[in-house]
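S.K.: Chain by chain, the residues run as shown.
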Amino acid sequence: MGLRRSEIDARLAELAAVDARLAERAKANAARYRAEHGISDEPYAFPTYRSAEEKKVWVHKWWVRPFRFFYRHLPVGIRSRIKRVAT
Amino acid sequence: MRIVRTGGLVGFVPEHCTLRRGVRRAVTKFAATVRADFVYGDSLHTTDDRHEEPFQVLRPGWSPERLRGHNYVGDVVFASEAVVTAAGGAEFLASLSAHDRSLRLAEHAQRHERIAEFLYVADWRHAAPSTDVTAVRDHCTRTGITATCDAIGESAVRVRRTLMSRPRVAVIVPTRGTRAEVWGRDRVLAAGAIASMRTTSTYPHLEFIAVIDHDTPADARREIETAGGDALMCIDYDRPFNFAEKVNIAAIHTDADYLLLLNDDTQIISPDIVETMLSYFEDHDVGLVGPTLLYEDGTIQSAGHFFNPVPYDYYRGHPADIPGASNMLHVAREVSSVIAACALTPRALFEQVGGLCTKFPGNYNDIDYALKLRMAGKRTIWTPLATCHHFESKTREPVMKPADVAELGERWRDMLDRDPYAHPALQRYQFVWKSNRPGQRSVDEAVGPTAPIASK
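Top to bottom, those sequences are chains A and B.
Every letter in the first sequence is one number past the one before it in my numbering, and letter 74, counting from 1, is 74.
Every letter in the second sequence is one number past the one before it in my numbering, and letter 254, counting from 1, is 254.
So that you can see chain A by itself, here it is in the shape it has in the complex (with noise of 0.2 Å):
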């Protein structure tokens, strides 16, 4: 099945062409779930460890720490019933 190199670009043109068609529909949606979601238009890049766990992960944050300590040092039945309704 030899094919010339014309044939073979007019083939991949084609492709090409169907792949942009649904490529306007992926970023159509994306757009919308960006302005949905208040993100900026920046291109996108993959959030860092970082500045994604600092958001995230409330326990880890400055203030919290003299209560992680005290509850860390109360006897473990008081602790485990703090998590039972915490849970």
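Pairs of lysine-lysine, DSBU-like flavour, derived with a Cα cap of 30 Å:
| no. | chain 1 | residue 1 | chain 2 | residue 2 |
| --- | --- | --- | --- | --- |
| 1 | A | 27 | B | 378 |
| 2 | A | 83 | B | 29 |
| 3 | B | 378 | B | 401 |
Facing chain B, a subset of chain A residues (Cβ under 7 Å, in silico):
| no. | residue |
| --- | --- |
| 4 | 11 |
| 5 | 12 |
| 6 | 15 |
| 7 | 18 |
| 8 | 19 |
| 9 | 22 |
| 10 | 26 |
| 11 | 27 |
| 12 | 29 |
| 13 | 30 |
| 14 | 33 |
| 15 | 43 |
| 16 | 44 |
| 17 | 45 |
| 18 | 46 |
| 19 | 76 |
Examples of chain B residues toward chain A, derived with CB under 7 Å:
| no. | residue |
| --- | --- |
| 20 | 51 |
| 21 | 53 |
| 22 | 252 |
| 23 | 310 |
| 24 | 354 |
| 25 | 355 |
| 26 | 357 |
| 27 | 372 |
| 28 | 405 |
| 29 | 406 |
| 30 | 409 |
| 31 | 410 |
| 32 | 411 |
Simulated from the structure, these hints should not be mistaken for lab results.
Bear in mind that the values here come from a model prediction, so they are computed numbers and not experimental data.
We put the beta carbon where it would ideally sit given N, CA and C, even for glycine.
Using the hints provided, position chain B relative to the given structure of chain A.
M.R.: Chain B alone, transformed into the frame defined by chain A:
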């Protein structure tokens, strides 16, 4: 067994499970919001140590292939009155095993949804998904799936589908004739990949297309041609490196029914790898199937991709025999994408979605392809029943280009942020399925942050 009714939904709560406070209201509201008629969620499991807090079982979104393997949806499920009636009625369903009940309800439901909330508390003995091999056999009969079902201990049911036809498969091997050492022996990688497929695979209707860079050494080219023999078509590639374009060029040179994308740095392990992967296409909404990929040393290279929140290979670097969280590595399941190093897709579908996108010359073309398929309503399946070695990065250094990442995000930001087969409470930036709730045991076990992969 308790049967609870709430807001048009019927919930099945076995004796060993306790519904958490507020669950009925939460499930009713959730089902009404997403218009679901089958709802399941997460669970908490107590241990024998009364001071230890319960551990968590988080569940992925709707995965019908996985449900055949084991009852991953948990012991407590909710379904609409109509679905329950169609499945045989509440009393009848209450008398069945949890796996049987879930399968029957799922068959009649139209919209299956996971609520990311803890629905119930149970003993640690009920944390792993239950299995019922007889129920799976009956389910296959009811749904017209021809398959042999065997129990793998108590962890899973292996559903091996019967291949009903023998379509032609074109094996596409893009290469630049790289020579490398594998298991202490120097070899031309592409020749090894083609030879292993020709000698090990039991599938009869294979043809091979090698897309070879024009600067490939003559001796390497000869070895590739010898390995492929009469079944091989060689296509010269004289353009700048673009893996996606090489695959597309190969695809337009064949009229085979299926395309098996195979990197040159691979070697198949399962003799029935092609038959196994083909069998999933008996379901017409399957668009892409990938096997388990193993490194040269036998550890897992990929068990499918998930976005956590960046693309990761499940359980990369872990021993091949580990079961994974909730025995997830024992069962075939839906994933967001699989690596194009070894993946099977129908040619017609490949053309329908425009092939691999050439804007991703090296990385992420497989993820982009799988997400295009999802947009077209097709599923991507990873299967543990087929295995293949992938000597990754033998051919080039993995490099993550910001332009590729930006293009991926511009197209698929919504899908990257909300992977339906992951969970919002997973510990992020990990190769493994772990909870991220503060105080959770798995957090203590965490190995720390890892860099995102450069998929190939």
